[in-house]
Amino acid sequence: MADFRFNVSVMPRAGMLDPQGRAVENALPQLGAASVHDVRVGRRIELSVAEASEEAARALVERLAHDFLANPLIEEWQIELVWRGEGAGRPLEAAR
Amino acid sequence: MKVGVVVFPGSNCDRDALHAVRLAGAAGELLWHERTDLHGADALILPGGFAHGDYLRTGAIARFSPIMGAVREHAAHGGLVLGICNGFQVLTEAGMLPGALLRNRSLRFEHGWVTVSVERRDTPFTAAVPAGTRLRLPIAHGEGCFYAPADQLAALEARGGVLLRYTGPEGNPNGSLNDICGVIDDRGRVAGLMPHPERAAESLLGSDDGMFLLRSLVANVAEAMSRAGQDVAVA
Amino acid sequence: MTLVATVRPPAEQPPLHRRLGLTDEELAAIVERLGRSPNDLELAMFSVMWSEHCSYKSSKPLLATLPTRGRDVIVGPGGNAGVVRIGDGLAVCFKIESHNHPSAVEPYQGAATGVGGILRDIVAMGARPVALLDALKFGDPVDGSTRRLVSGVVGGVGGYGNCVGVPTVGGELTFDASYAANPLVNVMCVGIVAEDAIAHAAAAGVGNQLVLIGSATGRDGIGGASVLASANFVDETRQMRPSVQIGDPFAGKLLIEATLELVERRLVVGISDLGAAGLTCAAAEMADRADTGVRIDLEAVPRREPGMAPFEVMISETQERMLAVVAPERLDEVLEVCRRWELLAAIVGRVTAGGDLTVVDDGAELARVPARALAGEAIVFSRVGRPTPRRRSAPAPGVPLLAQDGLPERGMDPGAVLEALLGRANLGSRAWVTRRYDSTVGSDTVEGSTHGAAVLRIKGGRQALAMATDSLPGLAVHDPALAAAMAVAECARNVAVTGARSLGVTNCLNFGDPTDAEAFWQLAESVRGLAEACRALELPVTGGNVSLYNESAAGRIAPTAQIGVVGLLEDVSLLVRPPFRRSGDVVVLLGEPNAGMAGSEYAALAGAAPEDRPPTLDLEREKALHQLLRRAAAGRLLSSAQDVGGGGLAVAIAECAIWGGLGVEAQLPVALPPAAVLFGESPGRVVASVAPGRLRELAALAAEHLVPCLRLGEVGTDRVRIRLVGVGATGAAEERGAGVADEIDRPLAELERAWRQALPRALGEEA
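Chains A, B and C supply the protein sequences, listed in that same order. Just so we're aligned, residue 1 is where the first sequence starts under the numbering used here, counting upward by one. Just so we're aligned, residue 97 is where the second sequence starts under the numbering used here, counting upward by one. Just so we're aligned, residue 332 is where the third sequence starts under the numbering used here, counting upward by one.
Since the hints were made in silico from the structure, they are not lab data. Any given hint could be a false lead.
Capping the alpha-carbon separation at 20 Å, the derived lysine to aspartate or glutamate pairs in DMTMM-like fashion look like this [said to hold, decoys possible]:
no., chain 1, residue 1, chain 2, residue 2
1, B, 98, B, 206
2, C, 790, B, 169
3, C, 790, C, 951
4, C, 790, B, 304
5, C, 954, C, 923
6, C, 790, B, 298
7, C, 391, C, 692
Go ahead and model the full structure; you've got the sequences and the hints to work with.
Below is the structure:
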């Protein structure tokens, strides 16, 4: 058994209207960043999975992303492994 | 004859819906989301609010509530399900209605009165609306922009899946594609709309046009029951 | 919570008590009370409980002068909120509260937690909240910083209120430069409770358990007291803890439902919400009220973060928490209710005998202080007041030197002035704000967020509640007592206009630094005016809030007594609304104006004459007017009624026309300067319309109440036309050969456009 920590980034589907992204982009000139473009806004879910193998863990997260964490009709996602370790897993309440 | 109003943690229009259902002449009961049965309800309303705080995505968590199994089964057997605002969002997340509800184009919560055209009067939800009548209903939502990918949208329109459209001087409050504000599934038994008919059930409150929709639902169930030889209690 | 804290290198540090904001005098009082020196935890508890915000140490003697008794008052000031009987076994519970300083720091969360806090106060009385009203004050809307604050605050009010499903049905939005660095966010909440189900925040019954319900406790709001953290420092690089409280409206909603269920099912002996000073305040006040003590078992308090020090747990202002007193045999049921509503519930202590608040951690006693010392024995300060110097406004160019003169400029068109006033940020349509608020959830809103007083029907009967909130800061800089009294009069008038009978007053007093003699004078004067108006109008004060220290290097805020009034309409079918209803209805003015433009929107627009003075208030005439309005409503005499407030009579008439979509043809006899008649904001006036056949009846009724009733004209056409007639119609301007137009004559559509665009334009947004 090992612990795997994933980041799931959920973004609006490519080509979909992203009013949040556009609002952020429109505000950038006021910050002196008129050269910034193609802004998209999404969200990120971080989770740890205790599984026997990385494949099993990743498959589980993929299923969760498809069924729950994202809405496939309007969103796309990427899964990234950021940490793996043995035993009880990484403490979640690190001071920031 | 009883209409069940499903209550998720964070639903906040449940008691409004209950009150309006009773005004429409039916008995009503609140059904807590942890139930796995409908306690004998003959029709269902999924009310407005912020089920589970709208966390993750609006309706995304509620669709997995224990009661949703019974809701699906009820619909599969031809039972009527009406999703209002948050309820509509839950039904799209659950795949019981097509499309998705996105954040309002203005990126802000919008509250106000809209004028709605009834695209189909041959459904259990709209049969009582007189021909040519447009409905005056309130909206109150942050995520009411109806969206479906182009091909699905075309298919929806082609099969007559659009039940209500924003019209009139107020126009489209949230950017919904094709001004869609209410849809019905392909079997005609599950519908969803963003405006709140339960808040437009008494002229004292500004409009009683919502009663057309609620009375349609109640009358349809009552008629089906008496056809089936069941006792119907309707006020 | 406003604690003053300074952090200096260890060698130079002042004593701990001063760093926590306590004076030497206060420390001496604590030592005497305890019979020993307090330890750090006890000192922290005293520092928050004896802070201005929690103890009212500067304002208590003033508040004691307010009339608080009434035949129907069930709970007066001192509890979580006031409660007034309304009949049929029901009572209305209401209060207004501020969340000013947090909103300046983090506008969205400050406003959101302000809403959450006042909701919990109402719910803690066992009442179901049915309405919210938000009174907001900001600086100049042209400033980017003001716009950000407005956006954040409006977002926060809506974000919380909409989510919990309580309609936001009214409020105020006022811009004035004095609020630039100190915005005000005052939120009023109204709820309904069965008379026999009112909950109390008292820790009764020795041996009963204390159950903490809701969010896990974190470090929210610890702010200035975090100097203590440096005393326990482990990590030298750790930053000062954030002061901002974060609200979770979803948890708030669950907490509301769970609390109401607990109270309704009689499962709790007492309950209180956790607000300022968190667990310390709730526990100490509940014990004080019941003459008991409480013991807190610190290790049982669920935490959101690891490594929290005892003082942090005791004074944390984490939101969405309630403290319930539960008899042992009810415990299982209480825990079941909390589980079902997905709320943490922990047994964190019990009620004891002897009156002490003790804090125990894993068996070790960390603090022992008499609860009463914390809750009720803060030193009350006798502050000194000194009047502010008399304000003389600099005259605008072209302004006449004498108040008797008419409109300020040669050839000034009163129609243009009217349009300009309707286009002002303080007078124009509030739709830009109110469309972000859900004002119809609850399906009780009969009249919400658009016109005057909000009106909500009570399901199951014919009764309805009318509610309004008002303040007059523009006037208060000239005369704080008058402004407070006029604000009470205006709220009560707004309620009376609907046909309802006012039940009581809540007030939020927003002022500067009480140790500054002028600021304290403003506070004292406001309380005096408030008391006088309440006595004259026979309205009890049922509770409220005081927010002091609203000032910055740039200066202090205009003295702001934010008043809230709730009224009862016995039969909702008698409701009278502001918009004109029918062409042909006769428009009348009830009451009469007096001169005095100081503090008015017109003065702000056109510049007041240097010798101008405020209007006068006749409370007896005001009372007679309100009685007349109630009787007129009961007799179904009126088609419409609207009080004359900001912008004066012309604006009130224009509003009735705009809202009703019907123009008006009127003439106005002028005995005072035209500006005073058209745009003066003197009190005691209402614009009403009545079917022609019933005018005589109304006139007779008005005469009976000694209220002047002047026929102005008729509803109709698509224009607003007001002709000035009589001697002095053009004032001294005619003598100057100015040829001032005698009339206002504008298309209704044009006035409406100006009114609609006012706020979006001021904020730099499209309408």
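Discussion item. Please list, smallest to largest, the hint numbers that this structure does not respect.
Written reply: 1, 2, 3, 7
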